[in-house]
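> Please arrange chain S on chain R, whose structure you already have, making use of the hints.
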Amino acid sequence: MLRPQTFHKARLLLILLLPATVLAQLDVLTVTAGEERAAGGLVNMGSAWTGEPLDVLFRVRNRGVSLATLSTLTIQGAGFWLHQEPGTPFFLAPGFTLDFYVRYLSEQPAGDARGALRVNTATITLVAAARAAPILYAVEEDGVRLRRAVGQSTVFPPVERGSRSVRRFLLENPHPSPVSVVVISVSGDSFQMPAPPAAPLRLASSETRSLEIFFQPATSGLKTGALILDDRRYPLEGVGREPPFPRPLLSLPPTLPSATQARIGVRFDSTSRAEGSGTLRFEFQPAMTGPDDPAIVFPATNRRSVSFQVRSGETQALFGSQTEAIFQTGTTAGRLRFIAEAGGFTAEASVTIAPSTAAIDTITALRGLDILDLTVKGYDNTRSASEVAFTFYDRDGQPIEPGDLRSDVAEKFRRYFETAPAGGLFALRAVFPATGSTVSIAAVEIEFRNQAGSRRSERIQF
Amino acid sequence: MSAITLFLLVQAAISLPPLGFLRQPDGRLCALYGVRGSFSIGEPLPEEILAALEWGAARLYKTPSVLRAANHIHEAPGPALFAPDASNGLVYVLLPEAGELAVYSPGNLRIQLVPELPRHIIAFAKAGARLRLVTRQATSFQIYAMDPVTWSMAPAGPPWNAAAATLDRQGELWTAEDRLVRSGGRLWLLEEAVLSLQPLEDGWIVAETSGNRYLLRRDSAEEYVAPTNLP
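Those sequence lines, one after another, are chains R and S. By this note's numbering, the letter at position 196 of the first sequence is numbered 196, and the numbering carries on one by one without gaps. By this note's numbering, the letter at position 1 of the second sequence is numbered 1, and the numbering carries on one by one without gaps.
Treat the hints as calculated values from the structure; they're not laboratory data. The beta carbon of each residue, even a glycine, is placed where N, CA and C say it ideally should be. A hint or two may mislead.
Some chain R residues judged to face chain S by a derived CB distance under 8 Å, without partners named [stated by the list, open to error]:
id, residue
1, Thr-260
2, Ala-295
3, Ile-326
4, Gln-328
5, Thr-331
6, Asp-361
7, Leu-366
8, Ala-422
9, Phe-426
10, Ala-427
11, Leu-428
12, Arg-429
So that you can see chain S by itself, here it is in the shape it has in the complex:
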């Protein structure tokens, strides 16, 4: 037996957090719920929301002018990229147009200036002790590592060419070339060429093609089709 002892306090809550938010054909973001093999689309968010994340009891979202994290409001233009960290409950929010990085913890939103952000950031995640981000220019991608204490940043490898790339919530790199999606040693061959990759929670990645949105996860060799609201 181990030296520690655990007690079950109470079941704090039975709830249903979304896996993420997917943009529907009508242009609005909708929550995606589900487990492997069973997914459903929730109600749409207001039109002005560019990006959203539900994290614990808090919902974070970005409009064209404001970042809202629970009760905190921070004015910042442009889009936002969320990097939740399951190991400590923090959410890092990159605001590329403002050159800022916001760190949310329950009850607190801290803003940090990051003046040397590269341009064209398409992905952002926490990977171990570091933050990772990926930039894209045409078909050329570059991954960077950022120190979350000093905010110093450096390329974490040579640039590469692909059709699409992103980071999952664990900071692992996913790339796509034509119909082939790759992450680590895993490969998926989809029905159509991949146009974009987008991270969701629980390790899921959305691979968007011309005909479908596939849901991929490293622990599953099978790909799933995400429901899509018909206009």
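Okay, chain R solo, but in the shape it has when bound:
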């Protein structure tokens, strides 16, 4: 056995035998808020609440010019731990550092806890304290208690915007002496403590106190808050969800005539609790081949789709401020298929634009002395006009010779509709030479024939 003097000599000898770089070139530092400080022989780590960790960052730096070896890194003392420590031996290149934490964690109050940190041959005394604090538990629905640490989030069940979920917490004093909590509060707009205990809250030994916290988000999305017990902050989290959209419903009559501005609304299967938007669109399947009909649109957008708003408390979608959207049936026979889409739901409804006889909208007459120039504007939703007949009347209502002036127009209309860019719309200009003055011509009846049949107009004055 070595005597102390002998021991010192032996240790000195050992030190002399080791490479000089191993011992003298390692600095031990503490780092607080980015600032390094030489650890020295004693480090006061400060004070923590019982059950809450107190961490101090240590740094070992090789300030030499050659490789250094960290061969010993140990800690002793009740409640003291090495946290994120490297394995030893650890080799440090010149100028490099090694960081690790020393944690103090005590379940019991302690006024002057001591520990020893050993770095190779250097020993640093660690001093810390633990103040008595109650333990906070989050209580699950099945009664299981989950201990909460400062900074550790407690997640609330997600709820619809405006609805509420509740979590129960339990404060327990595990210590033999009473503990007090001076500040008990909740932060975050979406979190409330409906019945906070009177502060300061004093808990006798082994006494528990239940706390209830509501999560009631006014809007959707992730919400955060905190339960604050003195200077301890326990984060709270919850997700507010949008209520589900109501299912849209569409209804239309089975048929609509051409050249109609009709209205369509989107009803809901229940009063909406959701806020959002949807789309109403439609497709057109013409009854014949040929160019598309650009009049088959929602006039508000000049397209075959329009967006709508879903408002909480409403039973119908809103198109701007209106509950219905206007759409045009155009001048081409076929089928319109409407699709409403909102919140993942779709609804469909169809309406048939039935083939019809040609319709006349306006007649413009230009009279010359011996010629009448007539322009008839209308539509043929079958795009198949084949024959037209004009019967003119004088101011006494008598037919003008030779009565019906009938013409085969099938080829002209066929060529026109092959490229016409406006559905079944047309303007037919017909010129009528006259043997007498056209001044006496007062009215006309026009008959068009197409695939849907023939129709004679009422007598049109001009």
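Below, chain S without anything else, positioned relative to chain R:
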């Protein structure tokens, strides 16, 4: 039977003349086609065109510096107001900044100086044998009658107040006050207050509000919504 006899020559053409031209939200004029209850928007005209009219086989349009009528070009600054006359095929074109009136007939464009034109003319139309025009100063409107032979002009009634006024192609007066549109004995109550009135062909009038452009015609109690290209 009448003393005259008619013969059907041929169908001269099947075509699709526009009802007029509407300014779209992007600032460009687009042709409007349609019949009662079914309207569609055509391709936009070049940006510099201030006003346009399609009349028979001819297209007339006004740029900031030129009136073009078919193949005829006349230099004139400012806007133009068109007054087509279905009874004789003529188109009267008022050029207020130049103090001129152009008369177009197929193959011919005649320019007439009209030195005593009132200011702030907003509407112009042929009404029977006379031309009519409407002036506006703030909310005060005045209608004038013009002789198309002597070009003399006189007020055709007392001034009146309204939110908007115009003349249709037959020279009939249309006025609007708030949501109410009036022409002759006909009334239409629209969803929003009327900002302006503009004539189209076939008797149509466009009543522009803050939210829509309504198409109105004297022979229809119903109003229709004009399609509008979204920007």
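> Would you mind marking each hint as holding or not holding in the structure?
These are the hints, each one checked on the structure:
1. For Thr-260 of chain R, the shortest C-beta to C-beta distance to chain S is roughly 5 Å, which falls under 8 Å, so the interface hint holds.
2. Evaluation of the Ala-295 of chain R hint against chain S yields a held restraint, the C-beta minimum of about 4 Å falling below 8 Å.
3. With a cut of 8 Å, the hint placing Ile-326 of chain R at the interface with chain S holds, because the nearest CB-to-CB distance is about 5 Å.
4. Interface restraint check: Gln-328 of chain R against chain S, minimum CB-CB distance 6 Å, threshold 8 Å, status holds.
5. Checking Thr-331 of chain R against chain S: minimum C-beta separation of about 5 Å stays under 8 Å; hint holds.
6. Hint status for Asp-361 of chain R: holds, given a least beta-carbon distance of 4 Å to chain S, under 8 Å.
7. For Leu-366 of chain R, the interface hint holds, the least distance from its beta-carbon to any beta-carbon of chain S being 6 Å, beneath 8 Å.
8. Against a cut-off of 8 Å between C-beta atoms, the interface hint on Ala-422 of chain R holds, since the closest Cβ of chain S lies about 5 Å away.
9. A cut of 8 Å between beta carbons decides the hint on Phe-426 of chain R: the least distance to chain S is about 5 Å, and the hint holds.
10. This hint holds: Ala-427 of chain R has a C-beta 5 Å from the nearest C-beta of chain S, less than the 8 Å allowed.
11. Evaluation of the Leu-428 of chain R hint against chain S yields a held restraint, the C-beta minimum of about 5 Å falling below 8 Å.
12. Given the 8 Å rule on beta carbons, the hint for Arg-429 of chain R holds: about 5 Å separates it from the nearest Cβ of chain S.
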